[in-house]
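Enquirer: Two independent chains are provided; combine them into the complex using the hints.
Protein sequences, first through last, are from chains E and H.
The letter at position 69 of the first sequence is residue 69 when you use UniProt numbering, and the numbering goes up by one with no holes.
The letter at position 680 of the second sequence is residue 680 when you use UniProt numbering, and the numbering goes up by one with no holes.
Simulated from the structure, these hints should not be mistaken for laboratory data.
Hints may contain errors.
[Claimed, not checked] Calculated cross-link-like contacts (lysine to aspartate or glutamate; reagent style EDC-like; alpha-carbon spacing at most 20 Å):
hint : chain 1 : residue 1 : chain 2 : residue 2
1    : E       : K85       : E       : D34
2    : H       : K381      : H       : E414
3    : E       : K4        : E       : D100
4    : E       : K110      : H       : D310
5    : E       : K85       : H       : D281
6    : E       : K93       : H       : E289
7    : E       : K4        : E       : D34
8    : H       : K643      : H       : E558
9    : E       : K110      : H       : E303
10   : H       : K107      : H       : E81
11   : E       : K4        : E       : E45
12   : E       : K110      : H       : D307
13   : E       : K85       : H       : E289
[Said to hold, decoys possible] Distance ranges between label pairs, derived from CB positions:
hint : chain 1 : residue 1 : chain 2 : residue 2 : range
14   : H       : T229      : E       : A76       : 55 to 65 Å
15   : H       : Q333      : E       : R46       : 30 to 40 Å
16   : E       : A76       : H       : T233      : 50 to 60 Å
17   : E       : D63       : H       : A338      : 28 to 38 Å
18   : H       : D281      : E       : R46       : 42 to 52 Å
19   : H       : A338      : E       : T89       : 25 to 35 Å
20   : E       : G98       : H       : V611      : 51 to 61 Å
21   : E       : G26       : H       : Q333      : 33 to 43 Å
22   : H       : P600      : E       : R58       : 57 to 67 Å
23   : E       : Q12       : H       : S224      : 52 to 62 Å
24   : E       : S75       : H       : D281      : 32 to 42 Å
25   : E       : R43       : H       : Q333      : 34 to 44 Å
26   : E       : D63       : H       : Q333      : 23 to 33 Å
Source: prediction; values computed, not measured.
Just so you know, even glycine gets a beta-carbon here, dropped at the ideal spot from N, CA and C.
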Amino acid sequence: MSKKILIADDEQNIVISIEFLLRREGFEVLVAGDGEEALAKVRAERPDLVLLDVMMPRMNGFDVCQALRADPDLSATRILMLTAKGRDTEVSKGLGLGADGYMTKPFSTKELLAEVRKLLGM
Amino acid sequence: MKPTRRLLLAVLAVGLFLLALVAATALLMLASEAGASGGGRTAEERIVVLLVLLLAACACSFWVIYRLYERYVNAPLRMAEELATALTHSDLRLSEYAASELQVLGKVANQLLALRAAREQDVAERVREARASLEEERSRLAALMADLSQSVVVCNLDGRVLLYNQRAKQELSTAADGSNAELLGLGRSIYTVFDRALIGHALERLQQASREGSNKDDKKLVGSVQFVTATHTGRLLRAHMSPVLGEDGPHHARVGGFSITGFVLVLEDVTSTNERHARRDMLIQSLVEGGRGPLGSIRAAGEMLFDFPDMPSQQRDRFLRVIRDEAGVLTAQFEKAASAFSNDLRERWMLEEILGAELLAVAARRIGERRSSERRVLAVKSENVDEDLWLRVDSFGLLQALRYLALRLQDEYEVREVRLSLTRSGPLAQFDLSWLGTFMNNETAMSWLQDPMAVGGESSPLSVTDVIERCNGDIWFQRERVSHRAFFRTMLPVAEAPKDLPRAIAPAPEGERPEFYDFDIFLWSAVSHELDDQPLADLSYTIFDTETTGLQPSQGDEIIQIGATRIVNRRLLRQECFDQLIDPRHSLSSQSVAIHGITPELLVGQPSIDVVLPKFHAFCADTVLVGHNAAFDMRFLQLKETKTGVRFEQPVLDTLLLSAVLYPNQTTHRLEAIAERLGVSVFGRHTALGDAIVTGEVFLKMLPLLAEMGITTLRQAREASQRTYHARLKY
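Next comes chain H alone, as it looks inside the complex (with noise of 0.2 Å):
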């Protein structure tokens, strides 16, 4: 019906109502003049009448009124309430009302609420899609930074580390006396390994270079400085140092519209080369004076001999001993630089070790793809493949050559099929392409070995002679008649297998950040704030746990193992970690065995408490140590110090107080107790690293639970603690 035509009811529906009440008062007034003359009802009963009346068209116009409440007024109330639920759960739509006027403001609702539905999807879509792509473009970065053969390490102004890659890890990590003291980490100080005046001067440069370069040009601000430094085991690394410009660095450092808020250092080993370099030159040096005194005895004897041809013979038979001796010592010592050289002709060109079953592998499926012009692929097999063999080559050439002759026997002889071999002979390795037939001559061969390389389209200057003498190998054609074959020899050095491959990335746990980068740093203030009245959240911590021989520190119990693992911005890092175990010099009872695991033979060999705490010290430095019953470890720590004299004096929370500040009610605060309760899963508990694992997530999740009851900062953290009763506990 249309809304129109409605109104007109509406209006004609009260009309009639009103001209019924009209007529039924009229009619009773009528009745009542009849009666007057006819006697028939008294005035009480036609008032009766009239109050009926009354009453009924009451009832009739309140119902119609409800009706009509319920209907406009309700009903859009409801759809209101409904709406407004809407808003904060957009999976719900409004249900269907009775008032077509409300059902289509109904359907125009969902509509909207259906549409606005599917933009939230679209965005949630969206957001996923580019987290997943920056958590490629993280791994993609990870995998590149766990390739370079360089060291690469990011740090801000104020020198703490951002990111590393596992070169610089295993390069800079490593203390004086070659052992791993994890110096480089995530938040830590690059200062702990260079000296930080070199930093400074060499960041001093970098500012200079780019105001320069800012003078002429303000986007051209990109400079980078070069030096050279050594590290704790006397390695020589050149570094290239290049600034990380941000837009809102502090003032000192912009130039330009930019500033420098951080640097990157790239780092290369050059102590090898510079060795290199120095045996080169010992070399010609002790080739040219090594050679003059003999040179000299030689040409003097000779202009003896020469000039004086009249000396008795007994004269002369000195001289000639006199030559013949000298050359000798001259070509010893020729045939010493020689071979040195030859060593160092090595190093020289881009030769890389490979593993040979490697090597022959590609270089089978190289000369197997199929050319264009060509309609049939060349059969490559492989056979006496020595797994175990390492070539120090150059791979690309050498893969050129093979596949230069081998389809350069496809193409003039028709060859269909090639095979592969490599074997070990002596301290050389043998790798033949043979194929059946003998009919190719010497000279032939010869040629082909010694022409620039050229196949289909690729083109090389140089000859398959040049590869294989630039790999130190020889390669000749022979044939065998017998079994009616014919090859190209080709026998290079054996090279060692390479030991410093780079560790692989322990790859990061589902939806966590890989560990050895953190770019929040960046914001870290370079003014450095009492500890005491910065954020929990802000502040960096080592977790640690000891193992022990028993549990009396002042009754002459040691330390045997020390676990410690850092958080920094939050994050548990996994991979900076110290696991050290220690001689106590001390017999072990058999319960704390029963408890560690740890047995006697174990500490064998193991450093002693006064090496190792050192080391324990520049782990924790610049940190907040925390430990499950810090008390106790703590107690250990300082029965050291005289001896060992290095003294813990960062400040130290405690999981078991702050259990206690959380859960004043609970009767136990065990770190499994703990665990459970805030649901960390507990493994390899008591080891000292499994145990400060576990610590150090149980921390991570009273952070917020200790911000809830109010407590964020590292002073409010420590005074709530000492006010819990287990912290009147003492060892």
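This is chain E alone, in the form it adopts within the complex (with noise of 0.2 Å):
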């Protein structure tokens, strides 16, 4: 069966890059364009890893990790945390809300599709 993974972005504009890649490799591909839409979609679709953008409209990428440890029924789901700021403090404040990754704007695919395979165990 393939792993189901969320992108939770309002940027369109890497959404599609990301969308596309891990389609091509096989993924089932959900997306969602803010934080409450996301927290919504882990709720109803399950995905096995949420690719989690921390600047969202109406619900910041922080807000939804820490909604989602809090729930003990999604405490499978990994989340790999994407941000374009960077700082060394907000990756720790991502670790420390319990994301499982951190991933800082401009990446490389390549090192998406790494870190993604590593999370889910494959």
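Expert: Now the structure itself:
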């Protein structure tokens, strides 16, 4: 069974590439455009991995991350945070709130793929 | 005649006199013998003759003794009197005496007197010179202080201000609402401006630093500390505090052989520097963080295009569009940052605002200066000078560049005359250095602009282009074939005319000290006595006056103007005054307008009494209030206590009552009358400030007169005032 991945990012231009890449690699891909939608989709679709952007409208990535980790049912969901800020303090905040990995834009798609595979134990 | 011969003559004269007396007696005796044999004269007759002779001898000796007394006893006594007078009046000289001995003595005494007079004059001259040089130093200090771009405040250990410059006054006197609250003044406490704990802590650090320094070397005492603080208006000041050392400060402040008797604060407004740093940080951050998103998208799209060349063309187009759009976003961000940065760059060099015309005039002079090696001077003409153009440039570098170019033209092309022009061209200033003849080619001109500048002995590592770029400008060479002229054209951004040039200091009246410092405050005691027992001469006073809508405070009349000035150390501080119109929210009667001349239109938009009184209260802090007929003004202030929440509990002195103390027999104690009596010239009466100043001068003249009456302390002055008839008036 193919793994299910949710991309939560309001930047359409990066979503296009990531979605294309992950589909070509054989993943099942879902997309959410803001924090609340992302939270709803995780609850409904139970993806194996969430690619979570920090700066999102309505609910930011940190809040989504916190909400996911507060729900014991979702403890198996891996979270990889994506950010356009890349301050060290932010990385540690994300990891502190329970994210499993952290990538700073601009990242190489190969590294992203490697990280995704690692988090999914593939 | 020699004194020895005189003595001989005197002895001879006395001998002859005695001989004559003896001879006369002997003759009489012989005559009587002959008479006894011849029976010529009776015994009685002979006795009479003898008596007559004796009397004549007596008269003769009396006359001689009297003359001698006159000459040798009385004359020296008179001389002594004259000398005694000459002791106090050094221009007096002794008169001529008959006796030649006294003449000699008188001559010597006169020489001594003349010598003394010359010495006195010499001393007086030196004192005058010393005073003049002191005065000169003072005005130099005043000029120096006024020119400083930093604020300078000197305080004694109690925080009493004893010196400040204009810049400090401008920056620190402003209240939180931006109005001028006159917070800084001589003898005032610096703690009305700065937190006491902050200054205290800094002083402690200063003492600590000095103590540590003194362990190593007794002489090396001077430490200094820095701190940053905010003013009432929210501006950030970086303060640099250094100690004022003296020999006889309080014991707890002693370090080494010296002690700290006060401190100097040099304050620099760092608000704009801080803002600039913050702005630059934000700029860099927005560039870095804002760039990540678009770059991420571009990179990912690029990698997809590269890694999956087999994708359908529709998909390929989508990726290409992503790249195009995100590159556009990045470009816009980049442009914005670049323009913000170039503005910021402008601040980095030591650029200063200068009036373009002024720069041009200096440049013309600099270029025209004859060089030692040259016989001819290069002629400089100015044309088309825009007089209102302000530039923000490195004026030193710019002048150097202009001189370098002009002199090189003279040296290498024998140009005899150059012209300077300055005109406005949109947001830029156009600055041309032109000359007749188009012989120079572009390559040469280019190299002149790129070479390090070197003229005669002066050389600089910078090129003309470097300097102009540093001023955010551009320079190029151009020829005009028609007019047969060539020029170096410089374009520079036009600056705004600076707004906060320091105000000029009002010159102190002849013979008076400038009023922004008073080093006597160093001597003020740290212990605060009860005001009542302090000498009147040592107190600080606020002299105030009000103008009102009418004469009945309890019937609803209101204050419409408060004017006040201060007296510190017996000096009237005209520069530290309070002058405020007040909107009474109440109509003005025409009689009152006739007195004070304040029309209702003048009061429109003025603050109301509940805004003004707290400020006035702060102005009066730590002083004794003085007014003419102060009971009247105080009644107005007291009636506002509940409304404004400020209570004027300071001691009050009234010049009207003091006048009654000094002149109990005078019928009038009007301010004009007292001023006339005391020789104070009256001007600007019936403005609150004008009256306050007159009152202040009157009060200063009264102080020595009161002291003659034995009234020297505040308590004595108040008690004497209370005993006068006028003190019973109530409003």
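Enquirer: A separate judgement is required for each hint: does it hold in the structure or not?
Expert: Verification of the supplied hints:
With a C-alpha separation of about 18 Å, the suggested pairing of K85 of chain E with D34 of chain E holds against the 20 Å cut-off. At most 20 Å may separate the alpha-carbon atoms for a hinted pair to count; K381 of chain H and E414 of chain H meet this at roughly 17 Å. Simply put, K4 of chain E and D100 of chain E have alpha-carbon atoms about 16 Å apart, close enough for the 20 Å limit, and the pair holds. With a C-alpha separation of about 18 Å, the suggested pairing of K110 of chain E with D310 of chain H holds against the 20 Å cut-off.
Using a Cα cut-off of 20 Å, the hinted pair K85 of chain E and D281 of chain H holds, with the two alpha carbons roughly 15 Å apart. Restraint check for K93 of chain E and E289 of chain H: the C-alpha separation of about 17 Å stays at or below 20 Å, so the hint holds. A distance of roughly 18 Å separates the Cα atoms of K4 of chain E and D34 of chain E; the hinted pair therefore holds under the 20 Å criterion. About 13 Å separates the Cα atoms of K643 of chain H and E558 of chain H, which keeps this hinted pair within 20 Å; it holds.
Restraint check for K110 of chain E and E303 of chain H: the C-alpha separation of about 9 Å stays at or below 20 Å, so the hint holds. Distance restraint check for K107 of chain H and E81 of chain H: the Cα-Cα separation of roughly 16 Å lies within the 20 Å cut-off, and the hinted pair is therefore satisfied. With a CA separation close to 9 Å, the supplied pair K4 of chain E and E45 of chain E stays within the 20 Å bound. This hinted pair checks out: K110 of chain E and D307 of chain H have alpha carbons roughly 10 Å apart, not beyond 20 Å.
For the proposed pair K85 of chain E and E289 of chain H, the alpha carbon gap of about 5 Å is at most 20 Å, so the pair holds. For T229 of chain H and A76 of chain E, the hinted distance range of 55 to 65 Å is satisfied, since their beta carbons lie about 56 Å from each other. The given range of 30 to 40 Å is respected by Q333 of chain H and R46 of chain E, whose C-beta atoms sit roughly 39 Å from each other. Here the CB-CB span from A76 of chain E to T233 of chain H is close to 59 Å, well matched to the stated 50 to 60 Å.
Taken as a hint, the range 28 to 38 Å holds for the pair D63 of chain E and A338 of chain H, whose Cβ atoms sit roughly 35 Å apart. For the hinted restraint 42 to 52 Å between D281 of chain H and R46 of chain E, the CB-CB distance of approximately 43 Å keeps it satisfied. About 28 Å separates the C-beta atoms of A338 of chain H and T89 of chain E, a value consistent with the hinted range of 25 to 35 Å. With their beta carbons about 56 Å apart, G98 of chain E and V611 of chain H fall inside the hinted range of 51 to 61 Å.
Under the hint 33 to 43 Å, the C-beta atoms of G26 of chain E and Q333 of chain H, about 36 Å apart, fit the expected range. At roughly 59 Å, the beta-carbon separation of P600 of chain H and R58 of chain E lies within the given 57 to 67 Å, and the hint holds. Q12 of chain E and S224 of chain H have their C-beta atoms about 59 Å apart, which keeps the hinted 52 to 62 Å range intact. Restraint check, S75 of chain E to D281 of chain H: a C-beta distance of roughly 40 Å satisfies the suggested window 32 to 42 Å.
At roughly 36 Å, the beta carbons of R43 of chain E and Q333 of chain H sit within the given window of 34 to 44 Å. Range check, D63 of chain E to Q333 of chain H: about 27 Å between beta-carbon atoms, so the 23 to 33 Å window is met.
Violation of the numbered hints given earlier is absent; every hint is satisfied by the structure.
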